[in-house]
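Student: Residue numbers (this note's numbering), protein chains in the order written: chain B, 113 to 249; chain G, 21 to 271; chain F, 427 to 547.
Please keep in mind that the hints were generated in silico from the structure rather than gathered at the bench.
Any given hint could turn out to be false.
To be verified - Under the rule of at most 20 angstroms between Cα atoms (straight-line distance), these lysine to aspartate or glutamate pairs were calculated in the EDC-like manner:
hint	chain 1	residue 1	chain 2	residue 2
1	G	K189	B	E119
2	F	K455	B	D228
3	G	K251	G	D141
4	F	K433	F	D478
To be verified - Some, not all, of what chain F presents toward chain B, calculated at C-beta under 10 angstroms:
hint	residue
5	I431
6	G435
7	Q436
8	V440
9	S441
10	D473
11	A476
12	V479
13	P509
14	E510
15	V511
16	G519
17	E532
What the hints assert, rightly or not - Pair by pair, the computed Cβ-Cβ distance ranges are:
hint	chain 1	residue 1	chain 2	residue 2	range
18	B	P197	F	D524	27 to 33 angstroms
19	B	P200	G	R246	49 to 55 angstroms
20	F	V429	G	E117	36 to 42 angstroms
21	G	A185	F	L432	49 to 55 angstroms
22	G	I107	B	V233	29 to 35 angstroms
23	F	G463	B	D201	39 to 45 angstroms
24	G	I107	B	D229	46 to 52 angstroms
25	G	Q38	B	E203	39 to 45 angstroms
26	B	G146	G	A220	50 to 56 angstroms
27	B	L124	G	V121	28 to 34 angstroms
28	G	Q126	F	L497	51 to 57 angstroms
29	F	S445	G	E117	43 to 49 angstroms
30	B	V233	G	H71	40 to 46 angstroms
The C-beta atom is built at its ideal place from N, Cα and C for all residues, glycine as well.
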Amino acid sequence: MTTAVAEQTRVLVERDGDVVNARQTGRELAASLGFRSTDLTLIATAISEVARNIVLYAGRGEIAVSAAHNGARRGIRIVAHDDGPGIPDVELAMRDGYSTGKSLGLGLSGARRLMDDFEIVSEVGVGTTITMSKWTR
Amino acid sequence: MLDEAKKLKREHLIAMAQGEYGSAYADQRVRLGVLYARVGLDIRVFLGAFHHLMRTVGEEIMKRFTKTPQAGFDIFMSLKKVAFFDIAIIVDTLIDERERVIRAQQEAIRELSTPVIQIRDRLLILPMIGMIDSERALQLTENLLQAIRANRARVVVMDITGVAAVDSKVANHLIQTVAAARLMGATVIVTGLSADVAQALVALGVDLGRINTIGDLQGGLEEAERLLGYKVVPLDALSNAHALPNPRQSN
Amino acid sequence: MPVPILKQGQMLIVSMQASMSDLDLVQLKDDLADRVGRFRSSGVVIDVSALDVMDSFATRTLRGIAHTTKLRGAETVIVGIQPEVAFAMVQLGLTLDDVGTALDLEEGLALATARKAEARL
Numbered sequence: 113m114t115t116a117v118a119e120q121t122r123v124l125v126e127r128d129g130d131v132v133n134a135r136q137t138g139r140e141l142a143a144s145l146g147f148r149s150t151d152l153t154l155i156a157t158a159i160s161e162v163a164r165n166i167v168l169y170a171g172r173g174e175i176a177v178s179a180a181h182n183g184a185r186r187g188i189r190i191v192a193h194d195d196g197p198g199i200p201d202v203e204l205a206m207r208d209g210y211s212t213g214k215s216l217g218l219g220l221s222g223a224r225r226l227m228d229d230f231e232i233v234s235e236v237g238v239g240t241t242i243t244m245s246k247w248t249r
Numbered sequence: 021m022l023d024e025a026k027k028l029k030r031e032h033l034i035a036m037a038q039g040e041y042g043s044a045y046a047d048q049r050v051r052l053g054v055l056y057a058r059v060g061l062d063i064r065v066f067l068g069a070f071h072h073l074m075r076t077v078g079e080e081i082m083k084r085f086t087k088t089p090q091a092g093f094d095i096f097m098s099l100k101k102v103a104f105f106d107i108a109i110i111v112d113t114l115i116d117e118r119e120r121v122i123r124a125q126q127e128a129i130r131e132l133s134t135p136v137i138q139i140r141d142r143l144l145i146l147p148m149i150g151m152i153d154s155e156r157a158l159q160l161t162e163n164l165l166q167a168i169r170a171n172r173a174r175v176v177v178m179d180i181t182g183v184a185a186v187d188s189k190v191a192n193h194l195i196q197t198v199a200a201a202r203l204m205g206a207t208v209i210v211t212g213l214s215a216d217v218a219q220a221l222v223a224l225g226v227d228l229g230r231i232n233t234i235g236d237l238q239g240g241l242e243e244a245e246r247l248l249g250y251k252v253v254p255l256d257a258l259s260n261a262h263a264l265p266n267p268r269q270s271n
Numbered sequence: 427m428p429v430p431i432l433k434q435g436q437m438l439i440v441s442m443q444a445s446m447s448d449l450d451l452v453q454l455k456d457d458l459a460d461r462v463g464r465f466r467s468s469g470v471v472i473d474v475s476a477l478d479v480m481d482s483f484a485t486r487t488l489r490g491i492a493h494t495t496k497l498r499g500a501e502t503v504i505v506g507i508q509p510e511v512a513f514a515m516v517q518l519g520l521t522l523d524d525v526g527t528a529l530d531l532e533e534g535l536a537l538a539t540a541r542k543a544e545a546r547l
């Protein structure tokens with residue numbers, strides 16, 4: 113499956129205000145791609161989760177949003193990257209049930225539920241890159 | 021449209037023999053396919069016509085190669101290769117179009133079959149009927165949540181008596197809908213969940229404790245009315261002094 | 427930017443804005459705790475209808491505020507969660523079970539009053 117990626121819009125994420133920026137940017141692009149309004153909220157929420165993680169655990173990072181294509185389908189791709197501490201056990205983090213309100217809840221499993229494709233690469237001491245996409249229905 | 025078809029057909033035939041089979045050629049085939057789809061051409065008719073074309077051309081070729089039939093056959097086989105390429109593209113396009121139409125119709129059916137009805141102030145009923153797949157469940161939830169806001173509903177009676185198959189997936193959709201409605205301040209009462217199905221779901225590990233279930237629709241409505249502070253009283257229970265003429269008595 | 431807290435009888439009313447910073451949220455929690463104590467408020471209604479997204483952080487924060495005000499004797503009700511936001515929250519697995527929720531301000535005030543009455547029994 114080849115996916116073509118168009119230009120990216122990158123948002124620097126360092127503090128809580130940037131979380132709002134990142135999700136607004138994502139929402140605007142998604143709207144221009146024709147996503148229905150429920151999906152706009154899902155996308156913005158997923159971005160909010162990963163952006164918040166960057167602020168809380170990595171200190172600073174970057175979120176890049178771009179349009180993506182898969183054959184005839186259009187979609188949005190979000191890449192959240194940081195050079196932070198990395199996640200020691202990604203499996204565990206993805207399984208973490210933060211609906212109980214645990215402060216360690218990374219929101220990653222949630223973001224995955226909201227998006228169609230989700231990939232995470234993380235190395236302790238190096239950083240984390242999350243790539244997620246959602247396709248128009 | 022007929023003129024466009026004839027023009028395309030001529031170009032089609034000429035191009036087939038040209039020798040250039042790049043993306044422009046393929047595009048032309050797709051356009052032809054879309055045109056056929058639009059007029060509702062039956063695939064069998066198309067294939068029959070193509071077969072007829074090949075046969076006609078084949079006979080012409082063989083007439084000119086009576087001395088060297090092998091050479092004639094080779095030429096025909098080359099043409100056949102192109103023909104199959106054509107057929108593949110056009111049939112693909114026809115199928116694509118058909119699927120697109122089916123999807124659009126399914127969408128329309130979904131729209132029609134997810135009604136949310138306000139039966140009383142602050143009370144909504146959502147009668148669910150038929151197969152509930154993920155797409156439909158999503159649509160239902162969205163419609164319901166919008167309706168809760170629009171009608172300022174405080175209680176929703178979701179009746180699943182008519183739902184074809186209640187498996188754990190459907191049950192989880194229901195649970196999610198109930199949870200989302202609660203976030204908007206509305207209580208959901210699920211009716212029509214038979215004891216058997218409930219037991220089966222619990223055995224599958226579905227946590228039904230999160231949803232308020234009542235056997236039948238009538239019971240559910242009564243509970244809903246109770247929650248809203250309504251009390252339904254038959255007319256002849258009203259005191260005689262204030263009684264309106266009883267409609268059953270006049271005839 | 428500090429968030430205004432309105433007092434209506436025994437109730438305190440707050441409208442959350444999407445642009446609130448983390449610092450504003452901490453400030454809000456402290457201000458509410460302070461006021462609930464001072465006015466002996468019985469309820470706090472937090473209106474989130476301006477929020478287009480409620481992620482796990484926002485939800486945790488709201489729960490934290492509700493918990494704090496409850497310790498001071500007031501029932502908290504969250505109102506105005508938009509349909510799409512409710513949908514997204516549920517997909518994420520977020521609940522506000524321990525906090526009251528209502529459709530809008532009017533419903534919220536009624537609910538807070540009712541919950542306080544129940545709590546007294």
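Student: Does each hint fit the structure? Answer for all of them.
Tutor: Hints, one by one, checked against the model:
Taking the CA atoms of K189(G) and E119(B), the gap is about 38 angstroms. The hint is violated against a cut of 20 angstroms. Taken as a hint, the K455(F) and D228(B) pair is broken in the structure, with Cα atoms around 36 angstroms apart against an allowance of 20 angstroms. Restraint check for K251(G) and D141(G): the C-alpha separation of about 13 angstroms stays at or below 20 angstroms, so the hint holds. With a C-alpha separation of about 25 angstroms, the suggested pair K433(F) and D478(F) falls outside the 20 angstroms cut-off, and the hint is violated.
Because the beta carbon of I431(F) sits about 21 angstroms from the nearest beta carbon in chain B, more than 10 angstroms, this interface hint is broken. Residue-level restraint check for G435(F) is violated (minimum Cβ-Cβ distance to chain B is 31 angstroms; threshold 10 angstroms). Annotation: Q436(F) was flagged as interfacial toward chain B, and the flag is violated, the nearest CB pair being 28 angstroms apart, outside 10 angstroms. For the restraint placing V440(F) at the interface with chain B, the shortest Cβ-Cβ distance is roughly 18 angstroms, beyond the 10 angstroms limit, so the hint is violated.
For the restraint placing S441(F) at the interface with chain B, the shortest Cβ-Cβ distance is roughly 17 angstroms, beyond the 10 angstroms limit, so the hint is violated. For D473(F), the shortest C-beta to C-beta distance to chain B is roughly 18 angstroms, which exceeds 10 angstroms, and the interface hint is violated. The criterion of a C-beta within 10 angstroms of any C-beta in chain B is not met by A476(F), whose closest approach is roughly 12 angstroms, and the hint is violated. The closest approach between the C-beta of V479(F) and any C-beta of chain B is roughly 5 angstroms, which is under the 10 angstroms cut-off, so the hint is satisfied.
Evaluation of the P509(F) hint against chain B yields a held restraint, the C-beta minimum of about 8 angstroms falling below 10 angstroms. Annotation: interface hint on E510(F) holds; nearest CB of chain B at approximately 4 angstroms, less than 10 angstroms. A least Cβ separation of about 6 angstroms between V511(F) and chain B falls short of the 10 angstroms threshold, and the interface hint therefore holds. Checking G519(F) against chain B by beta carbon gives a least distance of about 4 angstroms; that is within 10 angstroms, so the hint holds.
Because the closest C-beta pair between E532(F) and chain B is about 25 angstroms apart, greater than 10 angstroms, the hint is violated. Taking 27 to 33 angstroms as the suggested C-beta distance range, the pair P197(B) and D524(F) conforms, at roughly 32 angstroms. For P200(B) paired with R246(G), a C-beta distance near 53 angstroms keeps the hint of 49 to 55 angstroms intact. Checked against the given bound of 36 to 42 angstroms, the beta carbons of V429(F) and E117(G), roughly 55 angstroms apart, lie outside it.
Between A185(G) and L432(F) the C-beta distance comes to about 50 angstroms, which sits within the given range of 49 to 55 angstroms. At about 45 angstroms, the CB distance of I107(G) to V233(B) disagrees with the hint of 29 to 35 angstroms. The supplied range of 39 to 45 angstroms is met by G463(F) and D201(B), whose beta-carbon atoms lie about 43 angstroms from each other. Between I107(G) and D229(B) the CB atoms are about 35 angstroms apart, so this pair departs from the stated range of 46 to 52 angstroms.
Look at Q38(G) against E203(B): about 58 angstroms separates their beta carbons, and that is not inside 39 to 45 angstroms. Restraint check, G146(B) to A220(G): a C-beta distance of roughly 40 angstroms breaks the suggested window 50 to 56 angstroms. Roughly 46 angstroms separates the CB atoms of L124(B) and V121(G), a value that falls outside the hinted 28 to 34 angstroms. Taking the beta carbon of each, Q126(G) and L497(F) are about 52 angstroms apart, inside 51 to 57 angstroms as hinted.
Between S445(F) and E117(G), the C-beta spacing of about 48 angstroms keeps the proposed range 43 to 49 angstroms intact. The given range of 40 to 46 angstroms is broken by V233(B) and H71(G), whose C-beta atoms sit roughly 54 angstroms from each other.
Checked against the numbered hints above, the structure breaks hints 1, 2, 4, 5, 6, 7, 8, 9, 10, 11, 17, 20, 22, 24, 25, 26, 27 and 30 and satisfies the rest.
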